[in-house]
Every structure is written in structure tokens, then in C-alpha cells.
Amino acid sequence: MKRLPVALPACILAFLFGCEHTAEEVELPFKERLVVYGDIEGAVNFERTLPLNTVWNEDSSRLQDVNARIVFQGASFPLRLDSVVRGLYRGYVLPEGADIELQADWRGKKVTARVKKPTRPQIDTLWMSVDSSMVPPTIRCGGTYVATENVAYFASISVRMDTDRFEKGWRFLKGDDGTSGAERIQLAAEFPFQAGATCRVYMIVDAYDRAYYDYHLSEGYGSLPPTSLFSGSIRSNIKGDGIGIVWANSSSSRVIQ
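In the working numbering, the protein residues as written are 1 to 257.
In short, the hints are calculated from the structure, not lab data.
Among the clues, some could well be false.
As the list claims (entries may be wrong) - Below 16 Å or equal to it, Euclidean Cα-Cα: the simulated EDC-like pairs (lysine to aspartate or glutamate) are:
id, residue 1, residue 2
1, Lys239, Asp105
2, Lys116, Glu96
3, Lys110, Asp241
4, Lys116, Asp105
5, Lys239, Glu101
6, Lys116, Asp39
7, Lys31, Asp241
8, Lys239, Glu96
9, Lys116, Asp65
10, Lys116, Asp214
11, Lys109, Asp65
12, Lys109, Asp214
13, Lys116, Glu101
14, Lys110, Glu32
15, Lys109, Glu190
16, Lys110, Asp65
All of these numbers come straight from a predicted model, not from anything done at the bench.
Using the sequences plus the hints, can you model the full thing?
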């Protein structure tokens, strides 16, 4: 009969009674900051960061009392709080090429951001073919657009019939590579079967400013417009006591059919 080593019972007792440990709560540092994102002409969202393990809700996060404004050509224009959506502030339509500064303060915290509204791209020749052998049909269209500034360009196909509008097939075209000139577009998108000869088909090219181009590169997933702000280490253009991204864009469209 084999005998257990003397050290084995000691190890078992040490495991059972020697591993009791009271965990100490560690308070993680928290710095409250503003969270700002949106189209500076359309709507800008203002929220605030919350401590870790705090359940997010609109009442505690989305801010209703921000003093927000844009400065254009030395004049200040206050953003208007939306009457329906919490934390949403409406902007103004501004001319192409405008240099715009966003300024906002909330309970001692201040943020600023600078954007430039790009010039609309010029759309030249267009072509389209509808592959009727597929259900739903595939609309293939393309054309040439002229890049006028070193910004980010996106193209999309838009189909309008009655009151419904379908937008599919958008893609990133060109970024800030230091060049300008004509660029070729080729897109394909599927639409409902009813989208035939009676509907209107548009080619749309959007030009986004450098701030959004930087965001697009750092975010990587290419949402347009951004729907998930902080899924990665993004390039923010918000300065001061906040984080986020505001942008400006211009759009050109041509009816293909």
C-alpha cells in the first residue's frame, strides 16, 4: 500500500483555506467630456460621457441646454434646439467653400471645431443599362465626375418612383491624394421589380470635407453618414473638452433616366 507524501495534505489545506481573499473595489478615473457629432449644416448631436457601468439613457446623456453656435465670416449664428429629438441642434445652409467654426459650451466645458464646405463636384457624361433578366432588376450606371478639391468623394445610385426613394450602390471614390481632375464612376445596384422604365434614376456624387475623410480612414467600416461613432480609435476634429466629428458636404445629382 502506497502512502501519500506528507506535503500533499499540506498543499490541499493551503488550497482550501489559504486562497481566501477579499477583493478591493478600485475606482476607475472618469473625466466628463462632451460628445459632439453631425452635419454642421443639418443637425449636430450633443451628448456627454458617462461613468463606467452607468446605464445610458437619453435623459442623462443627450444634452438640452448647450449654448451652441457657428461662426461664419465673423458673424455668430446660434444653433436651434430640435423640438422633438433630444440633444439635436439644427444648423444653417451655407455657401460652398465656406470656412465654418463650431463653438459650444455646457456647464463650464467648451469645444470648438473647424470645417470647410467643399465645392460641388461636376458630373459630366453618364450611361445606364437595366438588366431585366434579373428579379429584382440590376441597374448599372456610371459616368465621369470632376474633382475640384482634395476631399473625399462618394457616389450612389438613387431611384425614385412615386413617393418612395431607394438609394443603394454607394461607394467611396477618391480621397485626398493631392490631385484633381476627371474620375470614372461605375456602380451597380438592385432595386424592386417595379423599378422599371417609368421610374427616375439619379447619379449622385457627394463631396465631403477633410475632417470627414480623416474620420472615414480611421473608422474603416465606411458608414455614410456615420452611425457608430466610437467603435475604434477615430480621428476627431473636436477641440477642447470633448470628442467627436462634425463635417460639411456638397452634393451633385444628374437624372440618368
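Cross-check of the supplied hints:
Restraint check for Lys239 and Asp105: satisfied, since their Cα atoms lie roughly 12 Å apart, inside the 16 Å limit. Note on Lys116 and Glu96: the hinted pairing holds, with a Cα-Cα distance of about 8 Å set against a maximum of 16 Å. The straight-line distance between the Cα atoms of Lys110 and Asp241 is roughly 6 Å, inside the 16 Å bound, and the hint therefore holds. Between Lys116 and Asp105, the direct Cα distance comes to roughly 21 Å. Violation of the 16 Å bound is thereby established for this hinted pair.
Our distance criterion of 16 Å between C-alpha atoms is met by Lys239 and Glu101, whose separation comes to about 11 Å. Our distance criterion of 16 Å between C-alpha atoms is met by Lys116 and Asp39, whose separation comes to about 12 Å. Restraint check for Lys31 and Asp241: the C-alpha separation of about 10 Å stays at or below 16 Å, so the hint holds. Between Lys239 and Glu96, the direct Cα distance comes to roughly 24 Å. Violation of the 16 Å bound is thereby established for this hinted pair.
For the proposed pair Lys116 and Asp65, the alpha carbon gap of about 26 Å is over 16 Å, so the pair is violated. Taken as a hint, the Lys116 and Asp214 pair is honoured in the structure, with Cα atoms around 13 Å apart against an allowance of 16 Å. For the suggested pair Lys109 and Asp65, the alpha carbons sit about 12 Å apart, so the restraint of at most 16 Å is met. Restraint check for Lys109 and Asp214: the C-alpha separation of about 25 Å exceeds 16 Å, so the hint is violated.
For the hint pairing Lys116 with Glu101, the CA-to-CA distance comes to about 9 Å; that is within 16 Å, so the pair holds. Using a Cα cut-off of 16 Å, the hinted pair Lys110 and Glu32 holds, with the two alpha carbons roughly 12 Å apart. Using a Cα cut-off of 16 Å, the hinted pair Lys109 and Glu190 is violated, with the two alpha carbons roughly 47 Å apart. Proximity of Lys110 to Asp65 is assessed by CA-CA distance (about 13 Å); at most 16 Å being required, the pair is judged to hold.
Checked against the numbered hints above, the structure violates hints 4, 8, 9, 12 and 15; every other hint is satisfied.
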